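Residues per chain are reported as follows:
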Amino acid sequence: MCADEPTAAVASRGSGFHALAERELPRLYRLARRLVGDEAEDAVQDALLKGYRAYASLDDEVAAPAWLTAILVNCCRDRGRAKGRRVEETELEDADEFSLYRKIAAEDPFPYSDSLHLDFLHQFGREDVRAVLAELPELYRLPLVLCYCEGYRVKEIAYLLEVPLGTMLARLHRGRKLFERTLWDYAERYGLLKENARR
Amino acid sequence: MITCAEAVRQLWEYLDGVVDETDREAIEHHLSFCRRCCGELDFAEELRRFLAQPDEPDLPADVKARLLTTLTELEGPA
Numbered sequence: 001m002c003a004d005e006p007t008a009a010v011a012s013r014g015s016g017f018h019a020l021a022e023r024e025l026p027r028l029y030r031l032a033r034r035l036v037g038d039e040a041e042d043a044v045q046d047a048l049l050k051g052y053r054a055y056a057s058l059d060d061e062v063a064a065p066a067w068l069t070a071i072l073v074n075c076c077r078d079r080g081r082a083k084g085r086r087v088e089e090t091e092l093e094d095a096d097e098f099s100l101y102r103k104i105a106a107e108d109p110f111p112y113s114d115s116l117h118l119d120f121l122h123q124f125g126r127e128d129v130r131a132v133l134a135e136l137p138e139l140y141r142l143p144l145v146l147c148y149c150e151g152y153r154v155k156e157i158a159y160l161l162e163v164p165l166g167t168m169l170a171r172l173h174r175g176r177k178l179f180e181r182t183l184w185d186y187a188e189r190y191g192l193l194k195e196n197a198r199r
Numbered sequence: 001m002i003t004c005a006e007a008v009r010q011l012w013e014y015l016d017g018v019v020d021e022t023d024r025e026a027i028e029h030h031l032s033f034c035r036r037c038c039g040e041l042d043f044a045e046e047l048r049r050f051l052a053q054p055d056e057p058d059l060p061a062d063v064k065a066r067l068l069t070t071l072t073e074l075e076g077p078a
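Here the protein sequences line up with chains B and R, keeping their order.
My numbering numbers the first residue of the first sequence as 1 and each following residue consecutively.
My numbering numbers the first residue of the second sequence as 1 and each following residue consecutively.
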């Protein structure tokens with residue numbers, strides 16, 4: 001709060017932001033859980049602080065939820081950067097051509113199954129899916145989560161992450177391939193490729 | 001005409017609705033006769049549903065209380 005800011009202006013900003021943030025908290029927290037896991041509460045705290053400071057510059061109330069989401073996504077990215085999780089895009093070229101569909105068909109882990117591919121997916125519990133996503137580099141996890149877990153459109157994600165649309169499409173492509181490959185690696189590592197592993 | 005590799009490479013973009021009209025028609029033409037790529041398409045749809053399933057708990061009451069306290073503190077004394 002600025003020392004010479006009129007009290008009425010501060011109160012108005014506070015109540016407007018409070019109402020917005022309180023309304024959006026469940027959604028913001030869920031998104032933060034998916035992006036930074038156990039650091040979700042801290043990331044939302046960061047976003048509230050930054051959002052409060054910038055709220056006076058927000059022109060369009062209708063855009064407020066998206067605006068606050070963008071702030072949260074940036075706070076989550078900052079946390080990833082601070083931990084040095086960033087990877088270069090060129091490191092993952094070998095994932096580009098991976099097809100989980102073909103891998104499952106070729107390896108045939110459940111020979112007696114008449115729905116092989118579905119049975120593969122059914123081996124994964126909620127914790128497993130979360131763990132697989134957590135293994136992905138942030139560069140690819142963020143677009144993937146925003147697009148397929150949270151339902152954002154590709155253009156919106158490009159805006160949120162401040163990259164050109166073409167770059168975002170390429171990252172989503174690699175993210176999907178990497179997700180497929182990590183699902184397979186995870187299944188191998190944790191013994192999910194055995195008949196009735198989870199039944 | 002596109003190959004299986006070209007069709008498969010674009011299946012998710014096709015499902016996301018971000019391929020252009022020409023590519024969409026080429027993919028749909030390919031899918032009209034290629035059973036294996038139809039299998040890839042079905043699996044891609046399953047994977048999308050798999051990713052979209054809600055898997056995070058609701059905002060816990062104690063976390064909500066702490067975040068609301070943060071909000072109140074930001075506003076300063078009444």
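These aren't lab readings, by the way, just hints derived from the structure by calculation.
Fair warning: there could be bad hints in the mix.
Said to hold, decoys possible - Here are the in silico distance ranges between beta carbons for each label pair:
1) E73/R x A106/B: 32 to 42 Å
2) L15/R x G125/B: 22 to 32 Å
3) E56/R x D185/B: 16 to 26 Å
4) E56/R x E162/B: 45 to 55 Å
5) A134/B x H29/R: 32 to 42 Å
6) A170/B x L68/R: 21 to 31 Å
7) T72/R x Y112/B: 51 to 61 Å
This structure is a prediction, so every number in the text was calculated from the model and none was measured.
Idealized CB from N, CA, C, for every residue including glycine.
Each hint tested on the structure:
1. E73/R x A106/B: 32 to 42 Å: Violated, at about 57 Å.
2. L15/R x G125/B: 22 to 32 Å: holds, 25 Å
3. E56/R x D185/B: 16 to 26 Å: holds, 23 Å
4. E56/R x E162/B: 45 to 55 Å: For E56/R and E162/B the Cβ distance comes to about 25 Å; the hint is violated.
5. A134/B x H29/R: 32 to 42 Å: The hinted range 32 to 42 Å holds for A134/B and H29/R, with Cβ atoms some 39 Å apart.
6. A170/B x L68/R: 21 to 31 Å: violated, 40 Å
7. T72/R x Y112/B: 51 to 61 Å: holds, 60 Å
Violated hints, listed in ascending order, are 1, 4 and 6; each of the other numbered hints is respected by the structure.
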